[in-house]
Amino acid sequence: MNQILLVLKREYVTRVKKKSFLLATLLTPLVLPALIFVIAYFATRDKEERDEQILVLDESGYFTDVFDQSGYVFENITGSLEEAKASYAEKGAFGLLYIPEIDLSDPTVRGFEGFQLYSKSNAGFRTLERFEGAIRGRIEDLKLERSGLDPVVIANLQARVSLETFNLTETGEAKASNSGVSFGVGYATGFLIYMFIFVYGSQIMQSVLDEKSSRIVEVIVSSVRPFQLMMGKVLGVGAVGFTQLLIWIVLIATLSTVGVGILAGGSDAMMEAASQQMPDTEMSLTEQQELAQDIRSMVASIPVVKILLSFLFYFMGAYLLYGALYAAIGASVDSLQDAQQFMFPIILPILAAIMSMFFVLEDPNSGLAVTLSMIPFTSPIIMMARIPFGVPDWQLALSMLFLIGGFVGTIWIAGRIYRIGILMYGVKVNWMTMKKWFTMKV
Amino acid sequence: MNILEAKGITKNYAQHTALKNVSIDIPKQSIFGLLGPNGAGKTTLIRIINQIIMCDAGEIRINGELLSPKHVKVIGYLPEERGLYKKMKVGEQLMYLAQLKGMKSAEARKRIKHWLEKLELSAWATKKVEDLSKGMAQKIQFIATVMHEPELLILDEPFSGFDPVNANLIKDEIFELRDKGATVIFSTHRMESVEQLCDHIALINHAEKILDGSKKDIKLSHRMNQYEVIFKGDLPERPGAFQVLSREISELGMNKVIVEANDKTASPNDILETLISDIELHSFSEVIPSINDIFINIVKGGQS
Chain A
0 MNQILLVLKR EYVTRVKKKS FLLATLLTPL VLPALIFVIA YFATRDKEER
50 DEQILVLDES GYFTDVFDQS GYVFENITGS LEEAKASYAE KGAFGLLYIP
100 EIDLSDPTVR GFEGFQLYSK SNAGFRTLER FEGAIRGRIE DLKLERSGLD
150 PVVIANLQAR VSLETFNLTE TGEAKASNSG VSFGVGYATG FLIYMFIFVY
200 GSQIMQSVLD EKSSRIVEVI VSSVRPFQLM MGKVLGVGAV GFTQLLIWIV
250 LIATLSTVGV GILAGGSDAM MEAASQQMPD TEMSLTEQQE LAQDIRSMVA
300 SIPVVKILLS FLFYFMGAYL LYGALYAAIG ASVDSLQDAQ QFMFPIILPI
350 LAAIMSMFFV LEDPNSGLAV TLSMIPFTSP IIMMARIPFG VPDWQLALSM
400 LFLIGGFVGT IWIAGRIYRI GILMYGVKVN WMTMKKWFTM KV
Chain B
0 MNILEAKGIT KNYAQHTALK NVSIDIPKQS IFGLLGPNGA GKTTLIRIIN
50 QIIMCDAGEI RINGELLSPK HVKVIGYLPE ERGLYKKMKV GEQLMYLAQL
100 KGMKSAEARK RIKHWLEKLE LSAWATKKVE DLSKGMAQKI QFIATVMHEP
150 ELLILDEPFS GFDPVNANLI KDEIFELRDK GATVIFSTHR MESVEQLCDH
200 IALINHAEKI LDGSKKDIKL SHRMNQYEVI FKGDLPERPG AFQVLSREIS
250 ELGMNKVIVE ANDKTASPND ILETLISDIE LHSFSEVIPS INDIFINIVK
300 GGQS
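Keeping their order, the protein sequence lines are chains A and B. Okay, so the first sequence: first residue is 0 according to numbering that gives the first Met the number 0, each after it adds one. Okay, so the second sequence: first residue is 0 according to numbering that gives the first Met the number 0, each after it adds one.
Read the hints as simulated data drawn from the structure, not as lab findings. One should not assume that every hint holds.
[To be verified] Only some residues are given here: those of chain B computed to face chain A with a beta carbon under 7 Å: (1) 51; (2) 76; (3) 78; (4) 81; (5) 83; (6) 94; (7) 98; (8) 158; (9) 161; (10) 231; (11) 235; (12) 276; (13) 277.
[Stated by the list, open to error] FRET-style restraints, in silico, Cβ to Cβ: (14) B:174 / A:4: 31 to 41 Å; (15) A:183 / B:14: 15 to 25 Å; (16) A:431 / B:1: 54 to 64 Å; (17) A:407 / B:14: 30 to 40 Å; (18) B:6 / A:431: 44 to 54 Å.
[Unchecked claim] From the derived model, a few chain A residues whose C-beta atoms are all more than 12 Å from chain B: (19) 5; (20) 66; (21) 223; (22) 225; (23) 228; (24) 249; (25) 251; (26) 370; (27) 419; (28) 424.
Where is the CB? At the ideal position from N, CA and C, for every residue including glycine.
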């Protein structure tokens with residue numbers, strides 16, 4: 000045990016002392032949101048500052064002053080389409096929007112065609128949607144006007160409905176549930192586990208490979224059992240990952256509290272601006288408060304403590320299960336290139352889990368979801384996706400039991416391959432040799 | 000008193016037998032040569048002694064006790080394939096290896112300092128191993144092997160890769176450690192390189208021990224009754240006394256022959272008597288077989 004601790008300590012200390020660890024740990028929670036912010040900022044700024052000219056040739060006469068999209072300057076022109084095309088090139092405008100003569104005399108006609116947009120480069124998907132929306136809106140208004148309906152009556156006809164969802168427990172107690180929050184939490188935790196398996200699994204492999212290729216391993220195993228060395232390594236690298244995770248949680252919690260505080264200060268102005276931009280979804284102040292209340296109850300609707308504890312369990316279980324396999328591969332090969340061929344079968348179940356996660360999130364109690372949340376190779380990701388939606392305790396217990404069995408099993412198998420592999424150089428390794436090492440007595 | 004006694008050690012792999020019923024006794028404070036060609040089974044035996052692998056049959060006793068994990072502290076092992084953590088600092092690395100051998104950190108710090116000073120590496124304690132020259136790294140590996148003052152030092156091909164200066168330095172250190180009470184096992188396939196170092200020897204070939212004992216006894220029992228004779232004049236055939244194995248011209252332009260007594264019980268004096276009457280004798284000495292010669296003789300004899 001003491002030997003495992005010594006190995007663990009070395010793995011931990013050498014990694015945590017590295018500058019790259021410090022940078023990755025401190026910068027990731029800062030850089031990721033900053034990156035998203037910067038991209039969003041440039042995306043919006045780009046749009047606003049590009050005052051490109053669009054010529055509008057309106058033969059119907061209905062569309063004067065209909066277009067006022069930001070980012071574009073509209074100019075109405077007259078003449079034939081051919082002339083317009085010529086002047087478009089002359090003026091160096093970005094686009095030319097052609098609106099043909101339209102006939103609104105028959106109220107049953109619903110399809111209108113012949114609208115054309117010419118541009119130098121392809122207009123974006125959003126731009127097209129906005130143009131279409133503006134044209135459609137104008138035609139609808141015109142048709143309403145002609146049918147003699149009062150626009151106020153029309154506005155009053157619109158209704159907003161929200162469906163509140165509850166989980167009914169066996170005791171008849173109703174708990175407010177929220178699929179959106181559950182989806183988000185399930186996805187995030189599952190994905191986090193997936194990421195950590197990859198990042199820290201390959202670190203274990205690299206570390207084993209380094210010891211093997213630097214030829215220090217024989218000195219080490221003359222004082223430490225190979226199994227102790229492997230476990231110390233897996234646990235040491237895992238402790239590094241855990242440290243990183245904890246720092247991230249603390250950093251993100253602090254940052255988001257500070258961030259929310261700043262946002263709350265400026266929220267009045269934001270709300271005002273928002274309600275101006277979206278006249279359709281006008282919200283009174285009381286409605287805003289209700290929304291805030293809703294968000295709070297949504298968070299309360301998911302079993303936070305259960306999620307946190309299960310996350311810790313599945314996080315460690317998945318790490319041990321896959322970490323041991325990565326260690327076995329590192330011990331078997333002589334170089335990183337040789338390792339590639341063995342990586343695929345390991346990655347496969349993780350990929351399968353990540354891909355099925357979307358189906359699981361859509362239907363958390365389907366047969367597929369339950370099955371995958373029992374198999375140790377996929378359960379950490381799939382079960383974490385299911386838990387926020389509510390999982391029967393017996394299923395959770397069974398899945399955890401299987402996972403414990405799973406990582407004890409892979410550690411045992413990996414240990415047997417590891418003890419032989421680390422002393423083998425220049426052997427052409429394939430699955431058969433690994434199987435032979437597994438059955439070999441030391 | 001033997002520090003190590005191995006009895007009937009056998010190790011089988013799927014395709015071949017690495018060791019077949021090998022028994023070896025290693026006397027305390029000896030320098031013991033474990034000799035044999037590549038692939039003979041030397042490294043397997045060493046790994047079994049280091050408890051890196053287990054033997055299929057047989058037992059090993061250290062100071063009379065069955066080999067167990069606690070003996071890790073008693074042994075210092077320098078493997079043939081050796082290395083260090085490249086990214087780790089010299090001092091930290093030695094500390095880690097010392098702790099793995101069960102040393103307390105205060106004691107380890109003292110010994111590391113002592114050894115780094117002794118081998119003139121003090122200035123490098125805080126440098127990373129990758130910044131060291133190959134010769135310096137070899138010294139560090141040697142320190143890692145001996146710093147916990149093991150009773151039994153096992154050096155597998157110790158001089159392969161060492162430059163001559165370092166090799167001599169290490170030889171001197173080994174003698175010093177032996178004088179202080181340590182026992183040293185040398186393993187090598189280059190028999191001539193350790194012949195003068197060892198006082199005890201075991202020869203291993205094709206997984207079997209073919210010979211062991213003190214170097215002196217082995218050489219005595221493998222005398223071939225051969226003599227090198229340097230002389231002037233013509234040496235007549237004397238079938239009754241000896242036969243001439245080879246003839247050449249010596250450095251000083253005299254005749255030089257190797258003769259072998261036909262009567263195995265004949266003493267050198269008998270041969271000398273015969274020779275003196277025939278030639279002008281300048282030099283007469285017994286041919287002492289090298290370990291390499293003995294090995295080749297035994298292997299050839301075994302085959303025929």
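Hints, one by one, checked against the model:
1. 51: holds, 5 Å
2. 76: holds, 4 Å
3. 78: For residue 78 of chain B, the interface hint holds, since the closest Cβ of chain A sits about 4 Å away, which is under 7 Å.
4. 81: holds, 6 Å
5. 83: holds, 6 Å
6. 94: With a closest approach of 10 Å, the residue 94 of chain B hint is violated.
7. 98: holds, 5 Å
8. 158: violated, 17 Å
9. 161: For residue 161 of chain B, the interface hint is violated, since the closest Cβ of chain A sits about 15 Å away, which is over 7 Å.
10. 231: Where the cut-off is 7 Å and the nearest Cβ of chain A is about 58 Å from residue 231 of chain B, the hint is violated.
11. 235: Since the shortest Cβ distance to chain A is 59 Å, the answer is violated.
12. 276: For residue 276 of chain B, the interface hint is violated, since the closest Cβ of chain A sits about 62 Å away, which is over 7 Å.
13. 277: violated, 60 Å
14. B:174 / A:4: 31 to 41 Å: holds, 37 Å
15. A:183 / B:14: 15 to 25 Å: violated, 57 Å
16. A:431 / B:1: 54 to 64 Å: Once the Cβ atoms are compared, 43 Å apart, the range 54 to 64 Å for residue 1 of chain B and residue 431 of chain A is violated.
17. A:407 / B:14: 30 to 40 Å: holds, 32 Å
18. B:6 / A:431: 44 to 54 Å: Roughly 36 Å apart at Cβ, these two residues miss the hinted range, so it is violated.
19. 5: Given that some Cβ of chain B is not farther than 12 Å from that of residue 5 of chain A, nearest at about 5 Å, it is violated.
20. 66: Since the minimum Cβ distance to chain B is about 64 Å, residue 66 of chain A lies beyond 12 Å and the statement holds.
21. 223: Violated: least Cβ distance 6 Å, not greater than 12 Å.
22. 225: Incorrect as stated: the minimum Cβ-Cβ distance to chain B is 8 Å, not above 12 Å.
23. 228: violated, 10 Å
24. 249: holds, 29 Å
25. 251: Holds: least Cβ distance 31 Å, greater than 12 Å.
26. 370: holds, 39 Å
27. 419: violated, 9 Å
28. 424: violated, 7 Å
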